[in-house]
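> Chain by chain, the residues:
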Amino acid sequence: MTNDELRSVAVTKTVDARGTACPGPLLEAKKAMGTIKSGEILEVLSADEGSKRDIPLWAKKKEIDYLGTIDEAGYFRIFIRK
Amino acid sequence: MENKKMCMALFSGSLDKLTAAGVILSGAVADDMDVEIYVLMQGARAFKRDIATNKDQLMMAENSHLREEFIAACKQLNVKEWYQFFIDAKAMANVKVHICGLAGKLWGGVKIDDFVEWADDIVGINEYITSAQNADVHLFI
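Residue numbers (the numbering used here), protein chains in the order written: chain A, 122 to 203; chain B, 318 to 458.
Because the hints were derived from the structure by calculation, they are not lab data. All of these numbers come straight from a predicted model, not from anything done at the bench. Wrong hints could be hidden among the right ones.
Below are the DSSO-like pairs computed for lysine-lysine, each with C-alpha atoms no more than 30 Å apart in a straight line [unchecked claim]:
1. K173/A / K392/B
2. K407/B / K428/B
3. K181/A / K428/B
Restraint ranges, calculated between C-beta atoms of paired labels, are given here [what the hints assert, rightly or not]:
4. T447/B / R128/A: 18 to 28 Å
5. V132/A / E444/B: 38 to 48 Å
6. A378/B / E126/A: 42 to 52 Å
7. P177/A / I442/B: 13 to 23 Å
All C-beta atoms, glycine included, are put in the ideal place defined by N, C-alpha and C.
Pulled out of the complex, with its shape left as it was, chain A reads as follows (with noise of 0.2 Å):
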């Protein structure tokens, strides 16, 4: 997705995890994936740089989409569909 895609889609949940370092905003992500229900989108705020690559990585194991990342200034905003 584009940028424009992503700001754009409907978001169910947003987990902040700007305070963590690694392998923190993964575990976010995968606790809040338990919350959420199969077809909704699960944002995740990351400061950390390998959660650019690591998220991506474990959804594709996990079977869950990943749909993109929008670079911000200082973190990011990784997106997923369960």
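Since the structure of chain A is provided, determine the placement of chain B on it from the hints.
Only chain B this time, still in chain A's reference frame:
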């Protein structure tokens, strides 16, 4: 489908390696792996109830002069205490912590109650070998 398995031999009792083990453990838990941790030698000392949360008792694996810098950076980055990684991982997945019987005795630990409350049991070495034989991922830290 059966979960993949990770077997970790945790030999080190140093602050930095224990933290690294906790980070790796978290990655495995995120992948829903079943994890068996075998705590050996100096690792068993760090898992003693009177040692685990006492950072003054834990040194670095190498470059000891970097200890204070390491601790300060971890604090600034909100990195969990080493043992919290293990406690959180156990709450999220099937993670078992086994203390080597010999290693425990080296540091005066003979009963499971001598170790952190989240340690599961005291075992012999063949359990570790069997776990390693059956694991998809095997680490020695």
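> So, for every hint listed, does it hold in this structure?
So, going through the hints one by one against the coordinates:
Distance restraint check for K173/A and K392/B: the Cα-Cα separation of roughly 23 Å lies within the 30 Å cut-off, and the hinted pair is therefore satisfied. At most 30 Å may separate the alpha-carbon atoms for a hinted pair to count; K407/B and K428/B meet this at roughly 21 Å. Annotation: proposed proximity of K181/A to K428/B is violated, straight-line Cα distance about 43 Å (limit 30 Å). The hinted window of 18 to 28 Å between T447/B and R128/A is violated, with their beta carbons roughly 52 Å apart.
Range check, V132/A to E444/B: Cβ separation about 46 Å, and the 38 to 48 Å hint holds. The hint said 42 to 52 Å for the Cβ distance between A378/B and E126/A, and at roughly 47 Å that hint holds. Hint check: P177/A to I442/B, Cβ distance near 40 Å, so the stated range 13 to 23 Å is violated.
Hints 3, 4 and 7, counting from the list given before, are not met by this structure.
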